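**Q** Residues per chain, in single letters:
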Amino acid sequence: MSEIVRADNLFVRLSGKNVLKEINFSVREGELMGVIGPNGAGKTTLLRVILGLIPISQGRLEVLGRLYPQLKKVRPMIGYMPQRSSYEKNIPLSVANVVSTGLLTPATMLHRLTKGSLRVKEALQAVGMERFAKRYFQELSGGEQQRILLARSLVRKPKLLLLDEPNAGLDFPAQQKFTALLQELRERDKLTIILISHDLISIASAADQLIGINCVMHTHGRPGDLLNCPGLDEVYRCQFDLLSGIGRGRRDRK
Amino acid sequence: MSEMLNYDFMQRALIAAFLVGTLCSVLSFFVVLKRLSFLGAGISHTALGGIAIGLVTEIDPVLTGSIFSVLTAMGVGYVSRAGKMSADTVIGIFYAAGMALGIALISAFEGYYPELFSLLFGNILSVSFRDLLLMGIVLLLALAFIVLFFKELLAICFDEEMAEAGGLPVGPLYMVLLAVIGLTVIVSIQLVGIVLVAALIVIPGAAALRISKNYRGMLALSLFFGLVGSIGGLVLSYFYPVPPGAAIVLILTLLFILTLVLNFFLEKKLQRRGSFEQR
Ligand SMILES: Nc1ncnc2c1ncn2[C@@H]1O[C@H](COP(=O)(O)OP(=O)(O)OP(=O)(O)O)[C@@H](O)[C@H]1O
Ligand SMILES: [Mg+2]
Chain A
1 MSEIVRADNL FVRLSGKNVL KEINFSVREG ELMGVIGPNG AGKTTLLRVI LGLIPISQGR
61 LEVLGRLYPQ LKKVRPMIGY MPQRSSYEKN IPLSVANVVS TGLLTPATML HRLTKGSLRV
121 KEALQAVGME RFAKRYFQEL SGGEQQRILL ARSLVRKPKL LLLDEPNAGL DFPAQQKFTA
181 LLQELRERDK LTIILISHDL ISIASAADQL IGINCVMHTH GRPGDLLNCP GLDEVYRCQF
241 DLLSGIGRGR RDRK
Chain R
1001 MSEMLNYDFM QRALIAAFLV GTLCSVLSFF VVLKRLSFLG AGISHTALGG IAIGLVTEID
1061 PVLTGSIFSV LTAMGVGYVS RAGKMSADTV IGIFYAAGMA LGIALISAFE GYYPELFSLL
1121 FGNILSVSFR DLLLMGIVLL LALAFIVLFF KELLAICFDE EMAEAGGLPV GPLYMVLLAV
1181 IGLTVIVSIQ LVGIVLVAAL IVIPGAAALR ISKNYRGMLA LSLFFGLVGS IGGLVLSYFY
1241 PVPPGAAIVL ILTLLFILTL VLNFFLEKKL QRRGSFEQR
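Those sequence lines, one after another, are chains A and R.
Taking the working numbering, the leading residue of the first sequence gets 1, the next gets one more, and so forth.
Taking the working numbering, the leading residue of the second sequence gets 1001, the next gets one more, and so forth.
Any given hint could turn out to be false.
[Said to hold, decoys possible] Computed list of lysine to any residue pairs in SDA-like fashion (alpha-carbon distance at most 20 Å, straight line):
id, chain 1, residue 1, chain 2, residue 2
1, A, 21, A, 57
2, R, 1213, A, 140
3, A, 72, R, 1161
4, R, 1213, A, 133
5, R, 1084, A, 19
6, A, 159, A, 188
7, R, 1151, R, 1217
Derived by calculation from the structure, the hints in this document are not laboratory data.
No experiment lies behind these values; they were computed from the predicted model shown.
Using the sequences and the accompanying hints, generate a full structural model.
**A** Next comes the structure, spelled out in structure tokens:
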């Protein structure tokens, strides 16, 4: 099973409107796929479709060896970090409590969480936050909370990690550290990652492949090519002088 | 004080205050964390419509009231989860419609005016054995639900999207929670009345959250505040000419203000310690 996610001619309709059209991609084990596109392009929708939270209206979608209507079954093997701001910031939980909510699945209902604390410790270690286990989640800074939520999405030892703008709101060094952390996890655990980001520069250097969507998929390729190609202008519906410069810069170095 | 316990009606009232106080303060934990305060107020006011239907048709008003408020709670939950209308718009409409229906029905049958007064402001001294039984059953149901699904409910309070992505049945659990809140409101109306019942499911949790950052502490404090409020208010109204409902809510409000003050000093102390460490 080297192909982790595969979408063929995927269409998604929400309230009678085509939110995603003709999406095609394939992510292999251990790869990091970047997803870029303007606000309202359907990036978050794409992740929710992969989780089986939204139905598809056409096409074929395979996730971790399961075909579309059966995606619910693979949810426990997927780690998900939603777009920032959906969570309750005043929750009276410790950091360890928050991470352990990531262990909950239908199978753990009506059961006590056994071996939970070891998993939580490992996940916190993976993001370099083990010293924070006993602190209260509401007392942490936004960037620290992001790391804890990453640990939460890792605690079930997922095969596939879906990250929706995990870098939003982090300062520059924290963003760099976060990206480095993802690379480390990828190498160590062979984790497959789909990452949405508006930070084109860092996503281009981190990703193995990049897709640009704006309802329709406009571009698909290796990051260096993509930032150079005319498709990007179509994704964002504007000219990209700055970025094509950067794309060229990368190629010159090689 | 002990003389108070010689009266049958007072014994029943105290048991009622204990049952309802426990029920409301445990649910208050979720009402505050999931931001459902307005829903509580909305359910209680719509309940007037349901209770009035029961009164004029001579079906059991508790039964019609329960059905009405559970349906309201779940209706609001359904509409707001579907995402087409915001919950507070729906509650705002239900709120007024239920009240209007109740007032219209009760005015049409003038003989029910005394009932209207005790519905609005509570009538804990007339609690019957059957009422106590009902309160006990709702309390057991609520506790069973919360104990069985506590960690899932907590995860839903933290973030619905993440809970759903993990495969948890967020929709059904949320709906049952709303139904339990609906039943709680109905059995609590006798204690403090429609107008004040929302305070009982909001203040204990809100006060507890001010001074506790840990869910166990918050739950324990919420229970403590709820019981001090409900039993304390009842005792107060025995000695002074204040209606029990008003006394209960005033004590709860006082407790809430106390936690605000306490929170202010706790933060200040932490700040001072913080700046000391920096030096
Ligand atoms: N439940 C829904 N019903 C109808 N339309 C929806 C629904 N959810 C999202 N949409 C629409 O689908 C489109 C894509 O939304 P989505 O959240 O996927 O965008 P996004 O690419 O993640 O944007 P952002 O960068 O702002 O996060 C938007 O136009 C949005 O209005
Ligand atoms: Mg989004």
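**Q** Look at each hint and say if it fits the structure.
**A** Status of the hints after comparison with the structure:
1. Among the hinted pairs, residue 21 of chain A with residue 57 of chain A is consistent with the structure: their alpha-carbon atoms are about 10 Å apart, no more than 20 Å.
2. Taking the CA atoms of residue 1213 of chain R and residue 140 of chain A, the gap is near 12 Å; set against the 20 Å cutoff, the hint holds.
3. Under the criterion of a C-alpha separation no larger than 20 Å, the hint pairing residue 72 of chain A with residue 1161 of chain R is consistent with the structure, at around 14 Å.
4. At most 20 Å may separate the alpha-carbon atoms for a hinted pair to count; residue 1213 of chain R and residue 133 of chain A meet this at roughly 14 Å.
5. Of the pairs offered as hints, the one joining residue 1084 of chain R and residue 19 of chain A holds, with about 17 Å between alpha carbons and a cut-off of 20 Å not exceeded.
6. Restraint check for residue 159 of chain A and residue 188 of chain A: the C-alpha separation of about 12 Å stays at or below 20 Å, so the hint holds.
7. Pair hint residue 1151 of chain R plus residue 1217 of chain R holds up; C-alpha atoms about 15 Å apart against a cutoff of 20 Å.
Checked against the numbered hints above, the structure breaks none of them.
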